[in-house]
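Q: Taken in sequence, the protein lines are chains A and B.
Following the working numbering, the numbering of the first sequence begins with 1 at its first residue and continues without gaps.
Following the working numbering, the numbering of the second sequence begins with 1 at its first residue and continues without gaps.
No wet-lab data here; the hints were simulated from the structure.
Note that the Cβ used here is the ideal one computed from N, Cα and C, for glycine as well.
There could be a bad hint or two in this list.
Claimed, not checked - Taking lysine to any residue and the SDA-like style, the derived pairs with C-alpha atoms no more than 25 Å apart in a straight line are:
no., chain 1, residue 1, chain 2, residue 2
1, B, LYS130, A, VAL187
2, A, LYS152, B, THR38
3, B, LYS4, A, PHE71
4, B, LYS130, A, TRP112
5, A, LYS114, B, PHE96
6, A, LYS172, B, MET1
7, A, LYS152, B, LYS4
8, B, LYS45, A, PHE40
9, A, LYS83, B, ALA133
10, B, LYS137, A, LYS114
11, A, LYS152, A, PHE40
12, A, LYS114, B, MET15
13, B, LYS137, A, PHE71
14, B, LYS130, A, ALA197
15, B, LYS130, A, PHE40
16, B, LYS137, A, TRP201
17, A, LYS114, B, LEU8
18, B, LYS130, A, SER186
19, B, LYS130, A, GLN183
20, A, LYS114, B, ASP94
21, B, LYS45, A, ASP176
22, B, LYS130, A, PHE71
23, B, LYS130, A, ILE188
24, A, LYS172, B, ASP94
To be verified - Covered stretches of chain A (chain B as the covering partner; in silico rule of three or more C-beta atoms under 8 Å from a C-beta of chain B):
no., segment
25, 22 to 32
26, 55 to 62
27, 185 to 196
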Amino acid sequence: MSIHYFANPTRFTRLAGRIQPWSAGVTGLLLVVGLYLGLFVAPADYQQGDSVRIMFVHVPAAWMALFCYTFLAVASAVGLIWKHPLADLAAKASAPIGACFTFIALATGSLWGKPMWGTWWVWDARLTSVLILLFLYLGYMALWQAIEDAQKAARAAAILALVGFVNVPIIKFSVDWWNTLHQPSSVIRMDGPSIHASMLWPLLLMALAFKAYFITMLLARMRMELNLRRIRALRLAERDS
Amino acid sequence: MTRKQRRLSIVAGFMLTLGVAAALVLTAFEENIVFFYTPSQLAEKNIPPDRRLRLGGLVEEGSIGREADGVTITFRVTDTVEAVPVRFRGLLPDLFREGQGVVAEGSLSAEGIFVATGVLAKHDENYMPKEVAEALKEAGQWKGDHE
Numbered sequence: 001m002s003i004h005y006f007a008n009p010t011r012f013t014r015l016a017g018r019i020q021p022w023s024a025g026v027t028g029l030l031l032v033v034g035l036y037l038g039l040f041v042a043p044a045d046y047q048q049g050d051s052v053r054i055m056f057v058h059v060p061a062a063w064m065a066l067f068c069y070t071f072l073a074v075a076s077a078v079g080l081i082w083k084h085p086l087a088d089l090a091a092k093a094s095a096p097i098g099a100c101f102t103f104i105a106l107a108t109g110s111l112w113g114k115p116m117w118g119t120w121w122v123w124d125a126r127l128t129s130v131l132i133l134l135f136l137y138l139g140y141m142a143l144w145q146a147i148e149d150a151q152k153a154a155r156a157a158a159i160l161a162l163v164g165f166v167n168v169p170i171i172k173f174s175v176d177w178w179n180t181l182h183q184p185s186s187v188i189r190m191d192g193p194s195i196h197a198s199m200l201w202p203l204l205l206m207a208l209a210f211k212a213y214f215i216t217m218l219l220a221r222m223r224m225e226l227n228l229r230r231i232r233a234l235r236l237a238e239r240d241s
Numbered sequence: 001m002t003r004k005q006r007r008l009s010i011v012a013g014f015m016l017t018l019g020v021a022a023a024l025v026l027t028a029f030e031e032n033i034v035f036f037y038t039p040s041q042l043a044e045k046n047i048p049p050d051r052r053l054r055l056g057g058l059v060e061e062g063s064i065g066r067e068a069d070g071v072t073i074t075f076r077v078t079d080t081v082e083a084v085p086v087r088f089r090g091l092l093p094d095l096f097r098e099g100q101g102v103v104a105e106g107s108l109s110a111e112g113i114f115v116a117t118g119v120l121a122k123h124d125e126n127y128m129p130k131e132v133a134e135a136l137k138e139a140g141q142w143k144g145d146h147e
C-alpha cells in the first residue's frame, strides 16, 4: 500500500478522523505531564533562578516554528512537483499552526530576555531571522487569500514557501555563524546537550506534546478545508442546475 | 524525462540557486550582521572615536570599580587576548558580575575608553540546578564563568 492510497480525499478523511482523537489525547496527556514537570518538579537554574521555566515553552515552540516551516516547504515542493492535491492542502493547513508557534517563541523569548539580558528585544541575527519567519508565515497565508483560483493560489504560495525556506538554516545556524546576543544551542550540539538531565526531560516531553498538537491541528484543519471545498462544489452544482 | 522529473529538476535547481545567492549575500553583509565586536576585533579594526558600536566579551576578573561619583561603573571587557576598559552609568542587568558575558553598546572615546550607554548580559548555553553547579565547582570540573 503506497502513500497514494491515502491521497484519496475520502480515505484520508476517514483515516484522519480515526487518528485525531488519539493524537488529541496524547497532546493533552503530554502537555499536562510536561508542564507539571517543567513548572513544579524541575529545579531552578543556578543563575537564572525560576526564569529558566520559560524555556520549557520557549524552546519547543521555537523548534516547532522551524519544524512547521520545513513541513510547509516539503509539502509545497511535493505539491509543485507531483501535483498532489492533499500536499497543497497540508501546506496551507500547517501555516497558521507554525505562525502561532513562532509568535509564542518570540513572546516568551521576550519575557525571558527582559530579566536575563536586560532587554525585551535586540536586532541580533537570531531574533531578527525568527521575526522574518513570522512574516513569511503571514505572507504565505495572505497570498492564499489574495488569489481566488485555488490552483493558482497553491502554486504561488508554494513558490513563496520555497523561497522562504532559505531562512530556516539561517535561523538554526545564526548563533554559530555570527556574534549574537542569543545563546547557542543547548540540546542539539556536537558534544551532547549542555543542559542537565533534570531539565532536559521536561523539555523533551513538551517538544513531543507540541508535535502531537501539530498532528492534531493539521488533521483537523485539512479535514475542514476538504469539507469547505465540498460545500463550495455542492453550491456551484446547485446554482448551475 | 517525464514532466514530473522535469519539475523536480526545476525545483531542485531553483533551491540550489537560491541557497548560493543567500550564502553570497550573507557573506557580503557579515560585517553588518554581527551583533557585537570582540575586543580583539576592535583592536585590529582601528575604529574612529564616537562611532556607535557594540562590544562583547567577558567582564574581566577584579576589574569592576566605581568612580568617585558613586554611580559610574568601570570594568574591562576581555576575550582573554585583548581587553577594553568600559565606563558605564546606568542600570546593570542582574546577571552582571565578574566572569559574566556582557554586550555593551556605546562608542570609543579618544583615550580608548569604551563609553557605554547600555549593558546587556549574555547568557551562555549551560543549564543546570544550583547543586550541580556547586558540585562541579567543588570537583574542579567547572568550565563556565568564574563566580
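Q: Which hint numbers does the structure go against, in order from smallest to largest?
A: 2, 6, 8, 9, 10, 11, 12, 13, 17, 22, 24, 25, 26
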